[in-house]
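There are 2 protein chains.
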Amino acid sequence: MTDQQTICAISTAPGMGAIAIIRLSGHETFSMIDRIFRPAAKKTALKLQKANTIVYGTIIKEGAVLDEVLVSIFKAPHSFTGEDTIEIACHGSVFVQQTLLQLLIEQGARMAKPGEFTQRAFLNGKMDLAQSEAVADVIAAASASAHRIALQQMRGGISKEIQQLRQQLLTFTSLIELELDFSEEDVSFANRDELFKLCNNIHHLINRLSKSFQLGNALKNGVPVTIIGDTNVGKSTLLNALLNEDKAIVSDIAGTTRDVIEDVVIIEGIQFRFIDTAGIRATNDTIENMGIERSYQKIAQSDIVLTMVDASRSLNDIIIFLTSMSDKLHEKKSALIINKIDIAPKEQIEELMSLGEEMQLPVILLSAKGKTNMDQLINFLIHSVQSGTYNDNDVLVSNVRHYESLKNAGAAIERVLDGMQLSISGDFLSQDIRECLYYLGEITGEISTDEVLGNIFKNFCIGK
Amino acid sequence: MTDQQTICAISTAPGMGAIAIIRLSGHETFSMIDRIFRPAAKKTALKLQKANTIVYGTIIKEGAVLDEVLVSIFKAPHSFTGEDTIEIACHGSVFVQQTLLQLLIEQGARMAKPGEFTQRAFLNGKMDLAQSEAVADVIAAASASAHRIALQQMRGGISKEIQQLRQQLLTFTSLIELELDFSEEDVSFANRDELFKLCNNIHHLINRLSKSFQLGNALKNGVPVTIIGDTNVGKSTLLNALLNEDKAIVSDIAGTTRDVIEDVVIIEGIQFRFIDTAGIRATNDTIENMGIERSYQKIAQSDIVLTMVDASRSLNDIIIFLTSMSDKLHEKKSALIINKIDIAPKEQIEELMSLGEEMQLPVILLSAKGKTNMDQLINFLIHSVQSGTYNDNDVLVSNVRHYESLKNAGAAIERVLDGMQLSISGDFLSQDIRECLYYLGEITGEISTDEVLGNIFKNFCIGK
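Line by line, the protein sequences are chains A and B. When we follow my numbering, the leftmost residue of the first sequence carries the number 514, and every step to the right adds one. When we follow my numbering, the leftmost residue of the second sequence carries the number 514, and every step to the right adds one.
Please note that a few of the clues may not be correct.
The list treats identical chains as interchangeable, and a pair is accepted whether it falls inside one copy or across any two copies.
To be verified - Distance condition first, Cα-Cα at most 16 angstroms in a straight line; then the derived EDC-like pairs of lysine to aspartate or glutamate: (1) K639 / E581; (2) K710 / E948; (3) K626 / E964; (4) K574 / D905; (5) K811 / D776.
Source of the hints: derived by calculation from the structure; they are not laboratory data. From a predicted model like this one, the values you see are computed outputs, not experimental measurements.
One chain only, chain A, in its complex shape (with noise of 0.2 angstroms):
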């Protein structure tokens, strides 16, 4: 799918810097800077300079010196790609990007399609395919949570998991598949209640990894909270006032697709997506209960639900709400915001917190203009999501692909036990074992299809 062409790129950010860094891999990469190529002090060619070196010097066209330049000298295994690679340090100006990739191109080289560096790398041996992806995650990671799941993945933590299960299955079905050769004398190589054992052990993993989507999925794109409670209670001024909140940083990445009542907000390396619903309360109005409807859905999509009630309306209004919010909170990460505690009667605060406590919601009492007890709320958030099953250094999984492969996996393996319980014969289990064996793989990259790699890399950008 891809040829032995070298490839040349721009790979720093678009545009105009200090310094622009143009990267240039595979077989021909030496001759071809050699060519353009003048170091300043030692007359060698660059072929013949050691790996790991920088050499200063002059970019030739024509005759005449088109920039001065740092060259990075990697060479074959030893690189990012796998190949011959050079980095071109060069004045960072839009002229002389431009002019040297054109260079670069009239040597024979091609422009780097998306992400051809990091399939180079992948093809040669030098990551696998959750690694691989993971470079592009790392690139787009806009918060310190999003970083840390992506790096994680980048540095191999999903594909060990993947891969020791994968082996101790590998190990298991060959010895049932040996069974089948010897099918007539009846033997059992594979010990049952081992391969039982490490089944149910499979399925628990799979499982765990299959959990952690959820937030790992959060954390990459944004933990979603939803917001709700009547028209003017308060909703703007929270986000205003947590926007304006000295940890937190607004945060405005491009491709990210936002719905117009979106806000995203960073708060202590946590990237949070707050999602503003149309007001809700008891009505006989159709039009008006769509848009209820709406907001129920916005809730069943969320994490973390923030019902926030204003404590100086009527006490009668306020829990009518509540009652009628009360069993959409079920399974959610759910608070009481109870606002304006600055203007609200003291005897209502009150019987609003006994309301809270009666339906089992932590109660946090604000004042979101007057920015009263914000941090209580940030702790909330922050404990809401830190207070899953994980740590720290548990894999998450982040990545849609894989979470449909361990899905797929599950599956199959599910079906390994079920078979089992049932003491079918070794080559359904066998077939089953192989499927489990197949979706891991696909995580991996051990198995995968020209369309695939197609898709994760088109993704990428140029010079990476």
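Once you have looked at the hints, place chain B on chain A.
The following block gives chain B in isolation, referenced to the frame of chain A:
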């Protein structure tokens, strides 16, 4: 004016890329990086590793891996700044770039000011002031010719010429000042004939450099071309045709102050600024005359003037127009563009051609709409720029500051020449020679003030 603190900055273009480079320079470079960097292979401190090598490893923040990076090692004085310097090539996410920068600042580095790396290179004697200034020009250059001038200056073009002049003058002024020490004895160490000859040569050289400013500045900022002609003779069509030529690239350079009626086109590596003018015709209307006055000013500011007529119009009107223009075109590179030759009567075209010859203007027959003879126009433009007395390798002055210093140095050397013809005494001569030396020294930075340096480097980008 600069402290000795270790400085850091992102040196690649802002935003997300495959790779970003963060640069760290100063005494504490290695102690800072060694606190946060773990090499993958050799566990040697970076300061003990060889200069001009690249080390692969991880950046550690609060015990966890922040990123996998390549660190390039440069040691004082053999670095761009002349100080210990490292360049960290990290993953190009904005998060990684910002976090890494923050980590370096936590180690005691401070953010570099615009151009501060280059300023240190100047202060550490790695390059003179004219060369330092050219670094920013190289990065900003948008056309081949602007790039060539900037690169030549960065590589010491103008510095070499200035320093030669200065050195010769210094020798003479020492001799003259020696005479003053022996003034009672009325000796003459400095041969006046030779001094006069030298000053004359210097005068010529300064003049040549000063004169080159017009072209140098035009090539740097775009060669101004005014198009004059009555309304609807086809000026816009001509501009569009130029923009659509394969050879021409429309350039929209950020930061270029553009008049609304200017169009920037790069043709064969030269940037032209086409200035459209109000229609010019003989009139008694005061207000219209004011517009025409502005057009005359544009002509005065231009290097090249294209006088454009619509060959299909009344011959009498065209003649009146051309007659009114003829005295405005003195000392301009000017051509008569006879447009709409596809629809004009043949006889009239011939009459206009004779008229052009009478006015001693090159004539270009054009159909801007049909793109006929566009190559002739392009040749005229390119030739007008290159037909000066300058070769590709000649030093061109493109910097206003240098131009002003040259002007002042020229005035001083003229006083020396005048004084010598009047046989004024050595101490007066010496004073003017010293002044000339001073202004020449301003260019290369032997003479500089904090204010001058501040003005120069504030226009640099951060990270250079």
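- Task: Just pull the numbers of the violated hints for me, sorted ascending.
- Result: Per hint list: single violation, 2.
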